[in-house]
Amino acid sequence: MTDVTRRLSRSAAAASLVLLAPCAAVAQTPAEILRRVDANMTITTAHARAEMVIRYRGGDVRTLRYESWARGTDEAFIEFTAPARDAGSRFLRRDDAMWIFLPRVGKSVRIQGHMLRQGMMGSDISYGDASERPSMVEDYDATIERRDSLDARPVWVLLLVARRADLSYPRRRLWVDAERNVPLREERFAAGGRLLKTAVLGDVRRVGSRWYPFRMELDNALDTETTTTLNILEMRLGVSVPPEVFTLRYLEGGR
Amino acid sequence: MSRARSRIPLVRLAARNALRHTRRSALTAVAIAVAVTALVFFQSYIRGVVDDLLDTYARTESGHVRIRREGYAAREHFLPAHLNLREVTELVSEVARDPEVRDVVPRIRAFVLVDGAASNRPGLVLGVDLPREADYLRPAGMVAAGRLPAPDRAEALLGERFAEKLGVGVGDSLTLLSQTAYRSLGGLRVEVAGIARTGVSYLDASLVVLPLGQAQVLLDLEEGATELVVFAREPEGADSLAAALGTRLGDRMGPLEIRSWREQGPLVRLTDLIGVMIGLVMLLLFGMASLVIVNTMLMTVLERKREYATQAALGMRRGDLVRQVVVEAAVIGLAGALAGAVAGSAVALWLERVGLDFTSASRTLELPFESIVHPDWRLGPALGMALAGVVVAGIAAVVPAWRVARQPPAEALRG
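If you're matching them up, the sequences are chains A and B in order.
The first sequence begins at 1 in the working numbering and counts up by one.
The second sequence begins at 256 in the working numbering and counts up by one.
To be clear, the hints were calculated from the coordinates, so they are not data collected in a lab.
Treat the hints with care, since some could be wrong.
[To be verified] Here chain B is said to cover these stretches of chain A; the calculated rule only asks that three of the stretch's residues, wherever they fall, bring their Cβ under 8 Å from a Cβ of chain B:
1. 84-90
2. 116-130
3. 200-208
4. 235-241
[As the list claims (entries may be wrong)] A few chain A positions that, by computed beta-carbon distances, are all more than 12 Å from chain B:
5. W69
6. D74
7. F80
8. Y169
9. G192
10. D223
11. Y250
[Claimed, not checked] Label-pair restraints from in silico Cβ distances:
12. D390/B - R110/A: 34 to 42 Å
13. T63/A - D390/B: 41 to 49 Å
14. G520/B - T143/A: 28 to 36 Å
15. P510/B - L167/A: 58 to 66 Å
16. P243/A - R408/B: 39 to 47 Å
17. P510/B - V61/A: 51 to 59 Å
Every residue gets a Cβ at the ideal spot worked out from N, C-alpha and C, and that includes glycine.
The shape of chain A in the complex, shown without the other chains (with noise of 0.2 Å):
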């Protein structure tokens, strides 16, 4: 997709979402469901200020502070900066592709093949997940399960099926916010149909004229050893970044 077609694209997203609004709580399709979905979670530019929290079965907590510049889909920058130990390790993606630097060893590495499966910084969220940014709507092809109700909103609840064969999670089950489209809680399924990981999204905001999740609770169902969560402490959308922020010379030498 270019630059041109995707802005487009994004801005028929804003106003579909717009238009849309009011009608969200009546009879929809799936793909128009998803498609506001993409349009509600698709920023132009954002600079984050999170934590993440990595809680052990031994009953050790984690907790890990980073801050991250996005553009896009297709470009992210992520630096950790607590605790001391892990401050100055940085990631960047750009497009499907994901560098990781790490001051002690002072060069960067493409995260590929198997190390794609591994847990960043030892999370439930694996390079994988973080590297790939699926459209919903072109990616997977839908049903309606149900309306139902979660955590007291209502919510569609969406079976996702991968029209290709090279997504993560060949099949997703996710519950859609029917009035806000924020993505309540997702379940993301092997081919076989094996349950692999589970996320519950909460502390729905509004930011500018959307909603988003401030919270995300991961769990993987084949690492019971931990549970992962996300949360965003700050968050501005439509911010400056320079274009040399997505850069391995960026990400090498740092601010």
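Given chain A, put chain B in place with the hints provided.
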């Protein structure tokens, strides 16, 4: 009565009878010889494989006793670096004070992601004190190209197939990423000093040997290790040594898991089944040989029916008749068993010298198993198998012998 029985030269008679129909006797002897040959070789081979497995497992994995932080075994499949042993020097000195301890070596075991020229792949880091591991992990013997890493430099010895997959060779640089003792992400840049060929499939495909100090840097494990591997003076006493070390260390060093090699996995316990396995093979082979002996001896006694009847008519007791047939079979069995023991021993001894190369097969095995197996021949078991062959031949002849003894002499002479 006993004087009369002692006058019958049973062995001489049996030997003479055995030579009366050499082809049939040879068939009986061959049946026993084949069984004994196979068993002597099989026993030596199995002992060689088991010794190899246990030795490699103890040297590379379990020691005779392994000391780790409490809770490690339950999470072993993660190789959790946060469950570690600090102040290892003090711990090593304390363990070494036990008179049953031959040696004790600290090791660091961790999963890493290795970024090479062609790709990045998961690997197994083994951080070891290279000079002290000369008799245990034997790193010098693994080096297929290059050299061992220098203890104080960021260098690595890389498994041969692992290096192939990563597309790196001696002198190339690698980046290692791993979860540290604080559960954060650690990294280390190392140079490939050498390529290792361990002969153990999974190690060749994943091993990264680092000097202990470098592994400590990678995992933020200053002065620490993930395990202490203890080698006993008497491996058979590993269970009691583990208990003694538990008492000696107590909780002074924090809660520990002290396990003998029998407690660490099913491999050592499985070797207890080896005797059962050999017993079953013995039963099968001697069973088949017995069928041949029963048949040939039945033919013999039918052929000599009148002869036995005459002996009975002249006053030979039933018991003597039975003994005569049984001893004849045993004499033939002795010849076969000796030939079998010699043949089986010759094959086992030759293969003990040259070894059996299972390199291609071992590539698919996930066992600590050297690619070249050397059978372990021992005189005692070989003689035992020969003796068993003689006994089986004699027992197999009881049925035909009993038939002779029960036959009325007059009827046999008429027929």
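Here is what the structure says about each hint:
For a cut-off of 8 Å, the count of residues in the segment 84-90 of chain A with a CB near a CB of chain B stands at 3, and the three-residue condition holds. A stretch counts as covered by a chain when three or more of its residues have a beta carbon under 8 Å from one of that chain; for the segment 116-130 of chain A and chain B the count is 3, and the coverage holds. For the segment 200-208 of chain A, the assignment as covered by chain B is violated, since 0 residues bring a beta-carbon within under 8 Å of that chain's beta-carbons and 3 are needed. Counting residues of the segment 235-241 of chain A whose CB lies closer than 8 Å to any CB of chain B gives 0, which falls below the minimum of 3, so the coverage claim is violated.
Here W69/A stays apart from chain B, with its beta-carbon at least about 20 Å from theirs, past the 12 Å limit. Residue-level check passed: D74/A sits 22 Å from the nearest beta carbon of chain B, beyond 12 Å. A Cβ of chain B approaches the Cβ of F80/A within 12 Å, the least distance being about 9 Å, so the stated non-interface status is violated. The beta carbon of Y169/A is kept farther than 12 Å from every beta carbon of chain B, the shortest such distance being approximately 21 Å.
The Cβ of G192/A lies farther than 12 Å from every Cβ of chain B, with a closest approach of about 22 Å, so its non-interface assignment holds. With a minimum CB-CB distance of about 9 Å to chain B, D223/A fails to clear the 12 Å threshold, and the non-interface call is violated. Interface exclusion of Y250/A from chain B stands, the closest Cβ pair being 19 Å apart, more than 12 Å. Under the hint 34 to 42 Å, the C-beta atoms of D390/B and R110/A, about 41 Å apart, fit the expected range.
Separated by about 45 Å at the C-beta atoms, T63/A and D390/B satisfy the suggested range of 41 to 49 Å. Checked against the given bound of 28 to 36 Å, the beta carbons of G520/B and T143/A, roughly 48 Å apart, lie outside it. Roughly 44 Å separates the CB atoms of P510/B and L167/A, a value that falls outside the hinted 58 to 66 Å. In this structure the supplied range 39 to 47 Å holds for P243/A paired with R408/B, their Cβ-Cβ distance being about 40 Å.
Remark: the range hint 51 to 59 Å for P510/B to V61/A is contradicted by a beta-carbon distance near 21 Å.
Violated hints, in rising order: 3, 4, 7, 10, 14, 15 and 17; the structure is consistent with all others.
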